[in-house]
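**Q** Residue numbers (this note's numbering), protein chains in the order written: chain A, 168 to 296; chain B, 168 to 296; chain C, 168 to 296; chain D, 168 to 296.
Hints should not be assumed to be uniformly reliable.
The list treats identical chains as one, so a pair stands whether inside a single copy or across any two.
Said to hold, decoys possible - Mimicking BS3-like on lysine-lysine, the simulated pairs with C-alpha atoms at most 30 Å apart in a straight line are:
| no. | residue 1 | residue 2 |
| --- | --- | --- |
| 1 | LYS279 | LYS181 |
| 2 | LYS269 | LYS237 |
| 3 | LYS210 | LYS264 |
| 4 | LYS285 | LYS262 |
| 5 | LYS240 | LYS279 |
| 6 | LYS262 | LYS279 |
| 7 | LYS237 | LYS266 |
| 8 | LYS210 | LYS237 |
| 9 | LYS266 | LYS181 |
| 10 | LYS264 | LYS279 |
| 11 | LYS269 | LYS285 |
| 12 | LYS264 | LYS181 |
| 13 | LYS210 | LYS285 |
| 14 | LYS285 | LYS240 |
Hints in this document: simulated from the structure, not taken from any laboratory.
Small disclaimer: the values here were computed from a predicted structure and weren't measured.
Number of protein chains: 4
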Amino acid sequence: MSSDLLRSFDGLIKEMGYRNRSEAIRDLIRERLVQQEWQLANKETVGSITLVYSHDIGELAEVLTALQHKYHKYVLSTMHIHLDKHNCLEVLVVKGKGKEIKRIADRLLSTKGVKHGKLTTTTTGRRIP
Amino acid sequence: MSSDLLRSFDGLIKEMGYRNRSEAIRDLIRERLVQQEWQLANKETVGSITLVYSHDIGELAEVLTALQHKYHKYVLSTMHIHLDKHNCLEVLVVKGKGKEIKRIADRLLSTKGVKHGKLTTTTTGRRIP
Amino acid sequence: MSSDLLRSFDGLIKEMGYRNRSEAIRDLIRERLVQQEWQLANKETVGSITLVYSHDIGELAEVLTALQHKYHKYVLSTMHIHLDKHNCLEVLVVKGKGKEIKRIADRLLSTKGVKHGKLTTTTTGRRIP
Amino acid sequence: MSSDLLRSFDGLIKEMGYRNRSEAIRDLIRERLVQQEWQLANKETVGSITLVYSHDIGELAEVLTALQHKYHKYVLSTMHIHLDKHNCLEVLVVKGKGKEIKRIADRLLSTKGVKHGKLTTTTTGRRIP
Chain A
168 MSSDLLRSFD GLIKEMGYRN RSEAIRDLIR ERLVQQEWQL ANKETVGSIT
218 LVYSHDIGEL AEVLTALQHK YHKYVLSTMH IHLDKHNCLE VLVVKGKGKE
268 IKRIADRLLS TKGVKHGKLT TTTTGRRIP
Chain B
168 MSSDLLRSFD GLIKEMGYRN RSEAIRDLIR ERLVQQEWQL ANKETVGSIT
218 LVYSHDIGEL AEVLTALQHK YHKYVLSTMH IHLDKHNCLE VLVVKGKGKE
268 IKRIADRLLS TKGVKHGKLT TTTTGRRIP
Chain C
168 MSSDLLRSFD GLIKEMGYRN RSEAIRDLIR ERLVQQEWQL ANKETVGSIT
218 LVYSHDIGEL AEVLTALQHK YHKYVLSTMH IHLDKHNCLE VLVVKGKGKE
268 IKRIADRLLS TKGVKHGKLT TTTTGRRIP
Chain D
168 MSSDLLRSFD GLIKEMGYRN RSEAIRDLIR ERLVQQEWQL ANKETVGSIT
218 LVYSHDIGEL AEVLTALQHK YHKYVLSTMH IHLDKHNCLE VLVVKGKGKE
268 IKRIADRLLS TKGVKHGKLT TTTTGRRIP
């Protein structure tokens, strides 16, 4: 591998906090493998769903809770944070096939009153050494 | 707006679970505003950091805990899940300026033993009606 | 729709150069429809593939040309630019099913000597009014 | 590096068409460096802008041409393709500082009648060995 390329890379990863180059390369490889895990929509995988919403909207919390119960088989855990007087943040960790997780995220994100939401695609860790 | 465009959009959002078109359009607008919030690196905002790691690696949990204490001013809350005998998932919700949150995420993701990690950029909700 | 939300959006889109709000909303909707077009991997669609490479590497240009001929059914057109004495940029516009276009992009991007490459997913325009 | 990780990676990259592992790792590193090149908004870099639009809309072609002349210092080359009777695709290759290229892309994408547009961030190749 050209020494120029490695020098540039070393500069970048030092800034990010990596102690050595091989850990940084391992992470690039793992990230690529997780991407593939999600493209193969039928493998079991894990996602976290982050929602920001206002609890001023009466029934929203109830609707979100009902949805989580409907999908309780998939939802491993949730965390709720009061950002300020009006705004809440909720994170759900969800396990299932990629397309099932995406479907649950769609349902939650499309609920009226959810200001912002995102599905973060991660991994069970089992196929990622 | 052309009726063809709206018809295609209605098909898509029905599948996602939206009850009506204006909520779906509101969400597209909000998503765009959150993106901008993060481009202006000096506004206070919120992110969630998702980490998957193996707790077989002795000191990793300690290192991650130490990092979270170092940045305790920013970390609002964390959640920990045992995915299986070897793999853990941890979500941190972090509040601060965009570039500070990115820095904390870089530090956590570059820690040796973290298999996969991602920063999800969301919002305080305050500037997103 | 809340006037706060629209005011924030109007500020953003003015900066981007939009003359009016409905054109900006149309574009958000279209972008969402194009994303869906690519998720349904079996619809005919269009992508552009951007490659940067050094022509110092003897056989690279030949390999790239051979690949383009192999996939000539899909490649609508290409453009070549001499960035400097060493570096070239090439853009190919490719039409086919999403998964076929991805396959061609993979082949081109993985060719030895290609420094950087990316598939940009766009549309035939036919299903996007 | 763990042999499990390398075995999974080898499977993936073989599918993508890579001949050997080091070329694939080089590409992961280069991709990361190009990302950084764009985060440092003041370095000279290169982007390609892909636009799909209908030429039924009278003045659109003129407006796009006028914009390209306004920014002629940055536009290295353009390519135009007739996708069908109604739809055109145009690719512009643009060189400049990251924020200048983004500004030009914003102007083009926000032009009325452009159905879909995207900025693809690539590189001059000079700092990417």
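**Q** Please work out whether the CA atoms of LYS264 and LYS181 approach to 30 Å or closer within one copy, between two copies, in both situations, or in neither?
**A** between (36 Å within a copy, 22 Å between copies)
**Q** When no copy is specified for LYS237 and LYS266, does a C-alpha distance of 30 Å or less occur within a copy, between copies, both, or neither?
**A** Only inside one copy: LYS237 and LYS266 sit 16 Å apart there, 33 Å across copies, limit 30 Å.
**Q** With identical chains, the pair LYS210 and LYS237 could be close in the same copy or across copies; at 30 Å between alpha carbons, which is it: within, between, both, or neither?
**A** Only inside one copy: LYS210 and LYS237 sit 22 Å apart there, 33 Å across copies, limit 30 Å.
**Q** Is it within, between, both, or neither for LYS266 and LYS181, if the alpha carbons may be no more than 30 Å apart?
**A** Between copies, since 17 Å is at most 30 Å while 37 Å is not.
**Q** At most 30 Å between C-alpha atoms: does LYS210 with LYS285 qualify within a copy, between copies, both, or neither?
**A** both (21 Å within a copy, 20 Å between copies)
**Q** Could you figure out if LYS285 and LYS262 sit no more than 30 Å apart (CA to CA) within one copy, between two copies, both or neither?
**A** Both: 15 Å inside a chain and 17 Å across chains, each within 30 Å.
**Q** At most 30 Å between CA atoms: does that hold for LYS269 and LYS237 within a copy, between copies, both, or neither?
**A** Intra 15 Å, inter 34 Å, cutoff 30 Å: intra-copy only.
**Q** Within a copy, between copies, both or neither: where do LYS279 and LYS181 come within 30 Å Cα-Cα?
**A** Between copies, since 13 Å is at most 30 Å while 43 Å is not.
**Q** How do LYS240 and LYS279 come out at 30 Å by Cα distance, when the copy is not named: within, between, both, or neither?
**A** Close inside one copy (24 Å), not across copies (32 Å); limit 30 Å.
**Q** Please sort LYS264 with LYS279 into within, between, both or neither, judging by C-alpha distance up to 30 Å.
**A** both (26 Å within a copy, 28 Å between copies)
**Q** Can you tell me if LYS285 and LYS240 fall within 30 Å by alpha carbon in one copy, between copies, both or neither?
**A** Classified as both: same-chain Cα gap 20 Å, cross-chain 24 Å, threshold 30 Å.
**Q** Check LYS269 against LYS285 for me: Cα-Cα at most 30 Å, and say if that holds within a copy, between copies, both or neither.
**A** both (10 Å within a copy, 17 Å between copies)
Taken one by one, the earlier hints all hold for this structure without exception.
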